[in-house]
Structure formats: structure tokens, C-alpha cells
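Please put together the full structure from these sequences, using the hints given.
Residue numbers (this note's numbering), protein chains in the order written: chain A, 1 to 390; chain B, 391 to 561; chain C, 562 to 748.
FYI, nobody ran anything at the bench for these hints, they're computed from the structure. Do not rely on the hints blindly, as some may be mistaken.
To be verified - In the SDA-like style, the derived pairs of lysine to any residue whose C-alpha atoms are separated by at most 20 Å in a straight line are:
hint, chain 1, residue 1, chain 2, residue 2
1, C, K701, A, E232
2, C, K598, C, K701
3, C, K623, A, D341
4, C, K607, C, Y630
5, A, K236, C, K701
6, A, K236, C, D640
What the hints assert, rightly or not - What the simulated footprint calls covered on chain A by chain B, stretch by stretch (three residues with Cβ under 8 Å from a Cβ of chain B suffice, anywhere in the stretch; the number is not a length):
hint, segment
7, 77-87
8, 131-143
9, 153-159
10, 353-361
Fair warning: this is a prediction, and the values are worked out from it, not measured in the lab. Heads up, the beta-carbon is just placed ideally off N, CA and C, and yes, glycines get one too.
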Amino acid sequence: MVVLAKSLEDRIDESQKLGLQVIKESEDDRLMTLNVGPQHPGSGHFRFTVKVDGDYIVYADPDPGYVHRGEEKMCEYRNFIQNIPHLERPVIHDSTNITYSYSLAVEELVGIQVPRRGQFIRAIASELNRQVYTLYWLAIYGIFLGHSTMFMWPTGDRELFIDLLEALTGARVTHAFNIPGGVRNDIPNGFKDRCLRQIAYFEKRLKEYEDIFYNNPLLRQRTEGVGILTKEDAIKLGVTGSVLRASGIPYDIRKAEPYDIYNEIDFKVQYMKTGDSFARSYVPFLDMRESCHIMRQLLDKMPESGEVRSKLQPNPKGAPGEAYRRVESGRGALGYYIISDGTPKAYRVKISVGSFRNMLALPYLLVGAKLGDMPSIYWSLNYWPVEADR
Amino acid sequence: MLKELVNPTHFNVLMGKLGDVLVKALDQPLGYAINWGRIWSLWPVHLETACCSVEFGAASGPRYDVERFGIIEAFGSLRQCDLIVVQGTVTRKMAPRLRMVYDQMPEPKYVIAMGACAITGGLYIDSYNVLPGVDGIVPVDVYVPGCPPRPETLIQGCMLLQEKIKRSRIK
Amino acid sequence: MNQSTENRSNSNFQSSSLAKSKTDTQAKNEPESSFEKKLVSEITSKFGDNVKVSYIRPLRMKIIVNQEYIVEIATFIRDSLGFDHAESVAGTDYPKDNKIEVIYHLGSYSRDDLAGHILALATHTSRDDARLPTLMNVFKSVEYHERETFEMLGVYFEGHNRNERFLLPEDWADIPPLRKEFRIKGR
Chain A
1 MVVLAKSLED
11 RIDESQKLGL
21 QVIKESEDDR
31 LMTLNVGPQH
41 PGSGHFRFTV
51 KVDGDYIVYA
61 DPDPGYVHRG
71 EEKMCEYRNF
81 IQNIPHLERP
91 VIHDSTNITY
101 SYSLAVEELV
111 GIQVPRRGQF
121 IRAIASELNR
131 QVYTLYWLAI
141 YGIFLGHSTM
151 FMWPTGDREL
161 FIDLLEALTG
171 ARVTHAFNIP
181 GGVRNDIPNG
191 FKDRCLRQIA
201 YFEKRLKEYE
211 DIFYNNPLLR
221 QRTEGVGILT
231 KEDAIKLGVT
241 GSVLRASGIP
251 YDIRKAEPYD
261 IYNEIDFKVQ
271 YMKTGDSFAR
281 SYVPFLDMRE
291 SCHIMRQLLD
301 KMPESGEVRS
311 KLQPNPKGAP
321 GEAYRRVESG
331 RGALGYYIIS
341 DGTPKAYRVK
351 ISVGSFRNML
361 ALPYLLVGAK
371 LGDMPSIYWS
381 LNYWPVEADR
Chain B
391 MLKELVNPTH
401 FNVLMGKLGD
411 VLVKALDQPL
421 GYAINWGRIW
431 SLWPVHLETA
441 CCSVEFGAAS
451 GPRYDVERFG
461 IIEAFGSLRQ
471 CDLIVVQGTV
481 TRKMAPRLRM
491 VYDQMPEPKY
501 VIAMGACAIT
511 GGLYIDSYNV
521 LPGVDGIVPV
531 DVYVPGCPPR
541 PETLIQGCML
551 LQEKIKRSRI
561 K
Chain C
562 MNQSTENRSN
572 SNFQSSSLAK
582 SKTDTQAKNE
592 PESSFEKKLV
602 SEITSKFGDN
612 VKVSYIRPLR
622 MKIIVNQEYI
632 VEIATFIRDS
642 LGFDHAESVA
652 GTDYPKDNKI
662 EVIYHLGSYS
672 RDDLAGHILA
682 LATHTSRDDA
692 RLPTLMNVFK
702 SVEYHERETF
712 EMLGVYFEGH
722 NRNERFLLPE
732 DWADIPPLRK
742 EFRIKGR
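What follows is the structure, encoded as C-alpha cells:
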């Protein structure tokens, strides 16, 4: 009935042709409205309504905000340092990256620079956290597609990375490790060897993941050719992260705008050209493999000694002005726009998150897809509802 | 009389009454056995309210594996569940949904408040959109502190709940 | 930023003093932002006085435009300069000046030399009757961002198909929360 991989306009026309926008109840008999979430095995803290015509989705409308906690308003009542613990809660399993760009923006406002060793430790923590996030995402993707092994394996391997982060920062998931001026503490003894052992083990495991999950014919059938996002649509919708890279655009903030020491690191931006659910689920996997490669270089190049943080004055004041800094998180570009008016508190903090931007692609991909493809499309968008709601 | 019995509403009421009588009769000799059955098959609703769901997910993973304590990771209908683990912050938008889920569950049902946000509002106590604790909308059996609680703490909370069920009279 | 990071790491940065770092960045910013200046001058030469340049830094530019010309200027930025998507739309309330600033951070995926650049396109509206023309027809990606700005700051976007509730609860009956007169209880 509906052909996939069309341009955006065609799709909108098509959905309008199918009679979605303003139909009266009586004419709407053929369509059935389904409510997905927030209590649903799949959707998590997120709700969307879909209208189905038989097995095909003809309309989808996301309704986020179930975890909207007013982070941006809270930032106006706390000083720059006090903001860190609550700002990492939106992505509890990627907490180093979400405070990374915040620290960069505050450093620009306060006018402080991070010592070289501190930059390396930040990058190591960031890459470890990227693995933790992506493994959790992969585990849930396994559940969504009914592949229980793929829940168990990544959850188990994720604990090993969490152990490393726990040794480094002292907490399982909420680290509050990046602070303006550097990182909170130095690496513990023997951390480098532990890291290298873990990377070697994990690279072996990645091969097994590929065999059991990505080369699984059932998974391929359920994801290949499903929910195709073309390159033009991806640009137009402004999606980011793995969703963008799966559509054939090799864009990574670490390459486009290298922060801290990433311009000394040699790595390739992983991307695929097909833009279907399979590509969107495979690109994070390739990122994990690349991340191991990055981590080896970071551990190798890290200076043996030195300071890890520049001392800030207590209650630092930002220079009047504004800063917009981004990092590449597990879900794509994560930017902070901070306006400071010369006081210790920010005048306005805007968090530009990848999940919120990727959500825009959801209605466009779901329209025309089968209802059974909904889980594989939804979770392949690398969407974390708590982050989108902030 | 017979016509009234065949009427489905009356029939349901009668069966309910019969059930009550049966439970009372069985309480003394079989209460322990019924509670024993309940504590080893607690089915939590899959209702995630905030970020503690990550640690709940980790608790069902291979390292912590709550299933060995009888907390079964449920991916089914809430009408077959008997436990809500309120996983973190409850916002004003989520609160009516949480209550609705609680109302739709069959008796007996238990609630675990997981995380500081579910207990008092936690870090978000001064946010404009967050409830200061869930005990205003659902009756909480066990509080599990932490932000987020480690999976071990969650397991301990579940075991406390099992202890509580073991000692309570069956309904 | 990019270049300063490079220099910082080459000079084997050890100690940090506030004054030193400030002079460092200032000294380096001057010659390097010529590309950004060229980009902004393309806009200013076309639209003249309707565009006010706020700042030009390495990789970051901000221009402030009048709301009557914003659609025109945004179309020019998209078609001629190659900025093809919006990363974020942030509204800020300034009760002292009785205005709300809405700022679009535009980025580019299609041009490689613009990959790290962010052009901030800002416009103002009055607080009492906050209305702005929507940029949805120019940048599709602002759809949800504008909807959020409407909800959080009460800015009505003319031409946007859904100026309605998005993140807040359905029964929200207070003023938009990111306005400055909205105070958190007890703070």
C-alpha cells in the first residue's frame, strides 16, 4: 500500500491523502487509534498515538514530557558547580558526556583551561561511558526484537565497564566526574592495565555480538529495509548521532569540532548508507568498536603525571556573555547554550539534546510502516525519553 | 431466583462472596502456603517513571539477576501483575497514569518506591513539575533509598517486601 | 576553540592562571575568524542595516535580525550559505528590557567546511504580545523546538501548525515556566 524511502513531501502528501488531518469520526471508522505507552513493555517513559489502517500505520504523534523535570529552570537557581549533579540525571547511563559539554561551556565563560592530563582522563571516562550507554541501548533493542540473549550479554558486559568507571569515579552510574576546570580525581593505580584487559576482552565479545545478533537472519528480516530515512530527509529533519550517520552523512562532533584532545586522536567516523533500521542499529555497534580503538590511543598517549584539574575560585563567576558548546554523546550532538550575566548563577541554560532532535524523525518513519515494525523503528532512533524531556 | 443467578452481575457478586468465604476458611490452615506462593512470583509492572529504570534493568541482568529471588521481569499485561516498582521521579504528568495503573491491577498489590525522587522528590524537590514523593498517590510498602539505588539495594528492598508478605494475613 | 585547543596542547599546558588564559584566547581569536567574518559579511552586504552582528568568534557567529525579515534572511542563509538544519531553539526572557529573545542555532551537514560552525540567528519580540513568524517552512527541524518555546515562554509562532501543549502536563494552568516572573516555590 505504501512505498517506503520516499522524500518527506511525498510522505506528508501520502499521509494526508490517506485522510489523517481533519476527518470526522464517521469517516474515520476504518482507522483505529492505538495508544502506546507510557505503561507499555516497549515505550518506556514515553507515549505516542498511532492510527492504523489494517496493519499499516498512517499517522503517528509523539507525546513526550512524562519525565519533564524542569532542569532548565532549576539551573537558574543554582550556581555553576551545584548544577552538575542534577544535570547528569537525564542520561543517567551516559552521565559523563552530558556533563562534558556543560563543563566546556562553563570553562569558556569562566575563562579557565584544563590541564593536559585532565583532558585525557575526561576523554577516557567519556569513551567508557559511551560503551556503557550503547550496551544498555543494545540490550533494550534486543528485548524489543524478542532476542533475550541480546539483553543478557550486553547487560553482563556493561557491568565490567561500570566496574572500571566505579574504580575511576566512585559511583556506579552517576559520576559527577567532569567539573569545570578538569576532572574530580586522578586515575587509580593499575587502571591502565585493567582498561587494556577489558578492551581486549570486549573486542573479542564484539565479534560474538555480530555473529549472534547482527548476522541473525531473523533480525535482518525485521530490520532491513524498514523505516528508511534518506539522506535528504535526515538533513531536513536535523537528526543527529547514529541516526544521521546511518543515512550516509559522516558527521561526528569529535571530528567536526574536536574538543579537548580529540584532534590528536586518529579515528574514522563510522557510517552506513542505507538509512534503514538495520543501519541505525549497526552504526552504534561500529562506534563501540571505534571507541575501543580510541581508548587504546588515549591510554597510550596519556602523560604519566601532571595535574588533573585547574583550581577554580569558590563560587566562580562567569563573564557576561554566552557560550554554546557541543560534544558527541551516545545519542549524537549534545549542546549547552549558557547565558551568563556576570553572577555565579547562569541567566539561562538551554540543553540541546540528541534525543529531542531525533524524535522528529519518529512520525515520519512510522507513517507507512507496519505496526509490527514499530519497535524496531522506535528504538533504532537511539531515543532516550528522559533526556528528551529534560 | 434462578434467573437472577444467571444474570452475570449477580453471578459475579455471588462468586466474589463465595471467594471471600473460601479465603476465610482457608486462612488458618493454608494461609502460609498461599503467601509462600505469592512471595516467589512477584510480577512487577513495566512502568518506568524516570531514570532509576536503568538500574532496574541492570538488576535483571546476569550479574544481579533478581529472578532468583522471585522478582520476575514482566513484559505482560498489568492485569496479571501484583507489584509496582516506582522507578524514580514522578512528574505531574505521570502521576495520574501511575494511579490509573495501580487502580487497574488486581488485589493483592504491592508498591516499592525506588530512589530518592520516589520517596521525597529527592534532587528535584524544588522543581515545578515533580511530586514530592509518591506516597501521596499510592500506598507504599517498601522504600528503597539511593540516587539511584544500587541493584543490591533494590534486591534488599524486594526481600523486605517478601518478608512483609510472609507475615501478613491473606486477603 | 578548535585552534586554541591545539595550541594549548602543543605548549604543554601545566599551570592555569585566569589572566593568562584570557589573553591567550583573545590573541588567537583575532586572525583566525576571517572565514566566519566572510560568512557574516555575505549576510550583512545583502540585508544591510536589518542585520546586527552581535559577535564573531572562531566557529561561532551571532546575528540579531528584526522579526519582519527573519524568514527572508533564514531562507537566504539556507540557500546561499548552506546552513541546513537547526540544532536548538532557545528562548530567553529579559523582563528589564521587556523583550523575549528567541535564538536559533543553525548548523550544516551538507557543507564540509561548515561542519563545526554554528550560526546563531536571534530575534526579539515584546513580552506582552509575544509573536514571531515561524521558521518551520524554512527549517523543518525547528518544528518541535518551536513548540517547546511556545510552551515554555509563551511565544506564539504564527504559521506553525501546532502551537499547543508538548512537555508540560495537560492541566498546566500557570504562566509559562521559563518566564522570569515564574518563581520556584521556596526559592
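The hints, checked one at a time:
Proximity of C/K701 to A/E232 is assessed by CA-CA distance (about 12 Å); at most 20 Å being required, the pair is judged to hold. For the given pair, C/K598 sits about 27 Å from C/K701 by alpha-carbon distance, which is inconsistent with the 20 Å threshold. Between C/K623 and A/D341, the direct Cα distance comes to roughly 17 Å. Compliance with the 20 Å bound is thereby established for this hinted pair. At most 20 Å may separate the alpha-carbon atoms for a hinted pair to count; C/K607 and C/Y630 meet this at roughly 12 Å.
Between A/K236 and C/K701, the direct Cα distance comes to roughly 6 Å. Compliance with the 20 Å bound is thereby established for this hinted pair. A hinted pair counts as satisfied when its Cα atoms are at most 20 Å apart, and A/K236 with C/D640 qualifies at roughly 13 Å. Coverage of the segment 77-87 of chain A by chain B holds. Counting CB-CB distances below 8 Å, 3 residues qualify, and the rule asks for three or more. With a threshold of 8 Å between beta carbons, the proposed coverage of the segment 131-143 of chain A by chain B holds, since 4 of its residues qualify and at least three are required.
Only residues whose C-beta sits within less than 8 Å of a C-beta in chain B count toward coverage, and the segment 153-159 of chain A has 4 of them, enough to reach three; the restraint holds. Remark: the segment 353-361 of chain A is not confirmed as covered by chain B, as 0 of its residues place a Cβ nearer than 8 Å to a Cβ of that chain, below the required three.
Of the hints listed earlier, those the structure fails to meet are numbers 2 and 10, in rising order.
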